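Enquirer: Next come the chains, spelled out residue by residue.
Protein chains: 2
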Amino acid sequence: MPELRKDPISGKWVIISVERGKIPADFVSPSQKRKANGFCPFCHGNEHTAPPEILAFRPASTPPNSPGWTLRVVPNKFPVLQIHGDLHKKGEGVFDMMSGVGAHEVIIETPEHQLSLSNVSQRALEDTLWAYFFRLTDLKKDMRFKYALIFKNEGEVAGATLEHSHSQLIALPIVPKTVREEMDSCRKYYDSKERCLFCDIINQELETGKRVINENDGYVAITPFASRDPFETWILPKRHESNFAPLDKSFASFAEILQRTLKQLDRVLDSPPYNFILHTSPFNEEVNDYYHWHLEILPRVTKRAGFEWGSGFFINPTPPEEAAKFMREARI
Amino acid sequence: MPELRKDPISGKWVIISVERGKIPADFVSPSQKRKANGFCPFCHGNEHTAPPEILAFRPASTPPNSPGWTLRVVPNKFPVLQIHGDLHKKGEGVFDMMSGVGAHEVIIETPEHQLSLSNVSQRALEDTLWAYFFRLTDLKKDMRFKYALIFKNEGEVAGATLEHSHSQLIALPIVPKTVREEMDSCRKYYDSKERCLFCDIINQELETGKRVINENDGYVAITPFASRDPFETWILPKRHESNFAPLDKSFASFAEILQRTLKQLDRVLDSPPYNFILHTSPFNEEVNDYYHWHLEILPRVTKRAGFEWGSGFFINPTPPEEAAKFMREARI
Numbered sequence: 056m057p058e059l060r061k062d063p064i065s066g067k068w069v070i071i072s073v074e075r076g077k078i079p080a081d082f083v084s085p086s087q088k089r090k091a092n093g094f095c096p097f098c099h100g101n102e103h104t105a106p107p108e109i110l111a112f113r114p115a116s117t118p119p120n121s122p123g124w125t126l127r128v129v130p131n132k133f134p135v136l137q138i139h140g141d142l143h144k145k146g147e148g149v150f151d152m153m154s155g156v157g158a159h160e161v162i163i164e165t166p167e168h169q170l171s172l173s174n175v176s177q178r179a180l181e182d183t184l185w186a187y188f189f190r191l192t193d194l195k196k197d198m199r200f201k202y203a204l205i206f207k208n209e210g211e212v213a214g215a216t217l218e219h220s221h222s223q224l225i226a227l228p229i230v231p232k233t234v235r236e237e238m239d240s241c242r243k244y245y246d247s248k249e250r251c252l253f254c255d256i257i258n259q260e261l262e263t264g265k266r267v268i269n270e271n272d273g274y275v276a277i278t279p280f281a282s283r284d285p286f287e288t289w290i291l292p293k294r295h296e297s298n299f300a301p302l303d304k305s306f307a308s309f310a311e312i313l314q315r316t317l318k319q320l321d322r323v324l325d326s327p328p329y330n331f332i333l334h335t336s337p338f339n340e341e342v343n344d345y346y347h348w349h350l351e352i353l354p355r356v357t358k359r360a361g362f363e364w365g366s367g368f369f370i371n372p373t374p375p376e377e378a379a380k381f382m383r384e385a386r387i
Numbered sequence: 056m057p058e059l060r061k062d063p064i065s066g067k068w069v070i071i072s073v074e075r076g077k078i079p080a081d082f083v084s085p086s087q088k089r090k091a092n093g094f095c096p097f098c099h100g101n102e103h104t105a106p107p108e109i110l111a112f113r114p115a116s117t118p119p120n121s122p123g124w125t126l127r128v129v130p131n132k133f134p135v136l137q138i139h140g141d142l143h144k145k146g147e148g149v150f151d152m153m154s155g156v157g158a159h160e161v162i163i164e165t166p167e168h169q170l171s172l173s174n175v176s177q178r179a180l181e182d183t184l185w186a187y188f189f190r191l192t193d194l195k196k197d198m199r200f201k202y203a204l205i206f207k208n209e210g211e212v213a214g215a216t217l218e219h220s221h222s223q224l225i226a227l228p229i230v231p232k233t234v235r236e237e238m239d240s241c242r243k244y245y246d247s248k249e250r251c252l253f254c255d256i257i258n259q260e261l262e263t264g265k266r267v268i269n270e271n272d273g274y275v276a277i278t279p280f281a282s283r284d285p286f287e288t289w290i291l292p293k294r295h296e297s298n299f300a301p302l303d304k305s306f307a308s309f310a311e312i313l314q315r316t317l318k319q320l321d322r323v324l325d326s327p328p329y330n331f332i333l334h335t336s337p338f339n340e341e342v343n344d345y346y347h348w349h350l351e352i353l354p355r356v357t358k359r360a361g362f363e364w365g366s367g368f369f370i371n372p373t374p375p376e377e378a379a380k381f382m383r384e385a386r387i
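Protein chains in written order, with the numbering used here: chain A, 56 to 387; chain B, 56 to 387.
In case anyone wonders, no lab produced these hints; they're calculated from the structure.
Keep in mind the model is a prediction, meaning the values are calculated, not measured.
Treat the hints with care, since some could be wrong.
Covered stretches of chain B (chain A as the covering partner; in silico rule of three or more C-beta atoms under 8 Å from a C-beta of chain A) [to be verified]:
#	region
1	151 to 165
2	170 to 176
3	245 to 256
4	267 to 277
No residue lacks a Cβ here, since even glycine has one placed at the ideal position from N, Cα and C.
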């Protein structure tokens, strides 16, 4: 008998095939190992082909937009929103709209085309996290913006148009509905119990252990109880932290657990395409008792039946308990 | 400058590229014309390879599960939920779950492998709609079920595993969150204005006409103001109707507008893969003043960037006004 499980944060129900669940060998996805043929605008030496850098980690002796960097943040050459202009909020009968003002940036995580986040140096991964943090800190000063989405599309199937490892940031004049809902749901829980819902989940997961993949001094990686996708993985700070920030002034622990988890995913699912999305509190309520930032990793190994778009109802053929076991046992 | 638009029903914001919008020629999707090689369990003559039929339109002289039918409804051979058993609702700390009890049925819309809903006879399309109606009417008698999702995956890209034209029905012991949210949003609007939100949208769309694709005596087909996907199309009854049902005892008008719209889609986007999802009121509040049933058609012509799963935030490169114009002008 399959199981219907409810995600306590989103309120979404998921069908989980607890018997005859699909194992990694059942998933065939194109491996995301780099091919590196042809011109790449993100590669070392091609700096002039991307828009001028916003932020770069490079020796002080090198000028901006020249080689020598280890990480760069540049505006997206084909931005979905435009940085200049006012919001011009207006209505048209029952409809509401505003100008598409926002920032759309690309974080080029390494100058090396062949590398992915699972095999860059841990330093490069820490720098990537610092870049996220610096950009969030800078963008929140712009009063037009309410939220910044940070996400990564790894592999063509996951939506990447360029192979070279990069993440993206979209700063928005609105809070996306999914974020709004998570905040509301957590606030409601807190109002009733005086506890953070995520903290309660983390404590319960650490107690039973069956959905825990990795743990270190600061963080825990789990397959969520109501996983929407096979091998869906969340990484959360164990201590209550409402918004994305370094732990004791360092991203070392987070980089360590993130890379370990990505290496396990690569091992178990043969370098699958995936998305990850940073979930953090909106700019205007960054520090609070009820929300808990985390990173959600969604491997793209199943063809999601289209009706899931429209219904918000998911079917997951792999129980998260089994996925966690495969991940834990992966030799990396 | 792109535009941020809010869907008044779901509350989701969408980025719409109003300048330099993508036109049909920009979308390359595998055409869904039938190939028909190999064995097909849904074809005429292969009735014994599917589970026994639940409903069939066939001459009285033919026995069940034999040839001669024009439409059949059978249980899904690989159901995501099981029809027998109790719900066994239970909690596990912060988590809620229940047994995966439900119905999972397949509506085989035609015995002819080569046909799609855009070129079956109008009678076959009307029969398909009657089959939806009869199955909903039957399943709502089962007190375990709260909602039935009716949807169609056309084409492999859209999640279809069999080429032969069919739709699916999943009856659920819960109301999916997206449906719940639509109901809540519409109820709130009604509480404030004493009018149905969809009725207001329909009136406004018919007045401006710019997003109207088709209209007949009973129904209107529009591209919604905050379309998530290029060429997203909704078909709605013009008169307030909260739940899916024939209009004046007939599905002729709905079949007519649905087929016309699908033909236009086939023409404009070269028989694209698509999903459609029937949105109707839950079983326990079928007749009400605030919700308005409709069919949402989502062509699958763009690779949806994965972060949209996780963020609920959509980017649509084709303004719905342009999509509607292409559809209206399609020669069918």
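Enquirer: Check each numbered hint from earlier against the structure, then list the numbers of those it violates in ascending order.
Expert: Numbers 2, 4, in rising order.
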